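Let's have the full structure, built from the sequences with the hints guiding it.
Counting along the sequence shown from 1, when you hit position 173 you're at 173 in this note's numbering, and nothing is skipped either side.
Hints in this document: simulated from the structure, not taken from any laboratory. It cannot be assumed that every hint is accurate.
Claimed, not checked - Cβ pair distances, simulated, as ranges:
{"#": "1", "residue 1": "Ser123", "residue 2": "Ala201", "range": "34 to 42 Å"}
{"#": "2", "residue 1": "Asp170", "residue 2": "Ala119", "range": "30 to 38 Å"}
{"#": "3", "residue 1": "Gly213", "residue 2": "Tyr252", "range": "19 to 27 Å"}
{"#": "4", "residue 1": "Ser123", "residue 2": "His229", "range": "14 to 22 Å"}
{"#": "5", "residue 1": "His14", "residue 2": "Ser147", "range": "31 to 39 Å"}
{"#": "6", "residue 1": "Gln160", "residue 2": "Tyr252", "range": "27 to 35 Å"}
{"#": "7", "residue 1": "Gln225", "residue 2": "Ala122", "range": "27 to 35 Å"}
{"#": "8", "residue 1": "Gly171", "residue 2": "Asp53", "range": "32 to 40 Å"}
{"#": "9", "residue 1": "Gly171", "residue 2": "Ser257", "range": "40 to 48 Å"}
Since this is a predicted model, take the numbers as computed values, not measurements. Don't be surprised by glycine CBs; every beta carbon is placed ideally from N, CA and C.
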Amino acid sequence: MEVVVLDTPDAVAHAGAQAFVETVQSTPDAVLGLATGSSPVGVYALLQRRCADGEVSFAACSAFTLDEYVGLSPDHPQLYRAVIRRDFVDGIDMPASRLHSPDGAAADIPAACRAYEEAIAASGGVDVQILGIGTDGHIAFNEPGSSLASRTRIKTLTAQTRRDNGRFFDGDVDAVPTHCLTQGVGTIMRARHVVLVATGAAKAEAVSRFVEGPVTASCPASALQWHPHMTVLLDADAAGRLERLEYYRETYAAKPSWQGF
Numbered sequence: 001m002e003v004v005v006l007d008t009p010d011a012v013a014h015a016g017a018q019a020f021v022e023t024v025q026s027t028p029d030a031v032l033g034l035a036t037g038s039s040p041v042g043v044y045a046l047l048q049r050r051c052a053d054g055e056v057s058f059a060a061c062s063a064f065t066l067d068e069y070v071g072l073s074p075d076h077p078q079l080y081r082a083v084i085r086r087d088f089v090d091g092i093d094m095p096a097s098r099l100h101s102p103d104g105a106a107a108d109i110p111a112a113c114r115a116y117e118e119a120i121a122a123s124g125g126v127d128v129q130i131l132g133i134g135t136d137g138h139i140a141f142n143e144p145g146s147s148l149a150s151r152t153r154i155k156t157l158t159a160q161t162r163r164d165n166g167r168f169f170d171g172d173v174d175a176v177p178t179h180c181l182t183q184g185v186g187t188i189m190r191a192r193h194v195v196l197v198a199t200g201a202a203k204a205e206a207v208s209r210f211v212e213g214p215v216t217a218s219c220p221a222s223a224l225q226w227h228p229h230m231t232v233l234l235d236a237d238a239a240g241r242l243e244r245l246e247y248y249r250e251t252y253a254a255k256p257s258w259q260g261f
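Following this line, the structure appears as structure tokens:
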């Protein structure tokens, strides 16, 4: 696990975008793993800009989202497929037909989850996956207590997660669905490169538990300590509770420029 502590959220976004650009430049038909939420928005904006400027092309790429709400209407603006199109896909040159997401409206939810796992496998697997982290240590919608070997499945959202997401529903927590489909921790762990982005003091405790605490289902993100190519991008506030903060700063400052992410 490489922990990179940068001064500002903007610097974190630039580093996250660079990680994606490096992947796509080396693998033009890369499979991208896309997260919704506030954490990756800055990364997506920079990638759209770099695509528009001709620095990188996503024309041959495909993408899989992490999760989807269950029970929202197909035209609801907070459907995660709609959000990821607004935040990213509609601003790059990847055809929208290559964007895949779990089917939260499926009549047979278990079958839809199996089909999603099969589609990821058939694509060759995710080359680079961007993640945020919840204040309780969840990744995607794998809440505390989730199996660290889990696959795509239906999950019940905790009260904390629904409160956190209420801001996307005009502050109405009751409008936030109680269930979702989500890639499991085990699914995420199969991505070849995972890039987790966290900014702000509100994420500091979760970051500390995930990076330096024990690997435990009580903090699902902690499973990423076992990932062979894991990059954690933090601003100073999100890194504020790390005990080995100076070590992370020192090792990143001494990193060879050719190594990249």
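Each hint, compared with the structure:
Checking the proposed 34 to 42 Å range against Ser123 and Ala201 shows it holds: the Cβ atoms sit about 37 Å from each other. The supplied range of 30 to 38 Å is met by Asp170 and Ala119, whose beta-carbon atoms lie about 33 Å from each other. At roughly 21 Å, the beta-carbon separation of Gly213 and Tyr252 lies within the given 19 to 27 Å, and the hint holds. The supplied range of 14 to 22 Å is met by Ser123 and His229, whose beta-carbon atoms lie about 18 Å from each other.
For the pair His14 and Ser147, the beta carbons lie near 35 Å from each other, so the given range of 31 to 39 Å is met. At roughly 31 Å, the beta carbons of Gln160 and Tyr252 sit within the given window of 27 to 35 Å. For the hinted restraint 27 to 35 Å between Gln225 and Ala122, the CB-CB distance of approximately 29 Å keeps it satisfied. Between Gly171 and Asp53 the beta carbons are some 37 Å apart, a value that agrees with the proposed interval 32 to 40 Å.
Taking the beta carbon of each, Gly171 and Ser257 are about 45 Å apart, inside 40 to 48 Å as hinted.
The structure is consistent with each of the numbered hints, conforming to all of them.
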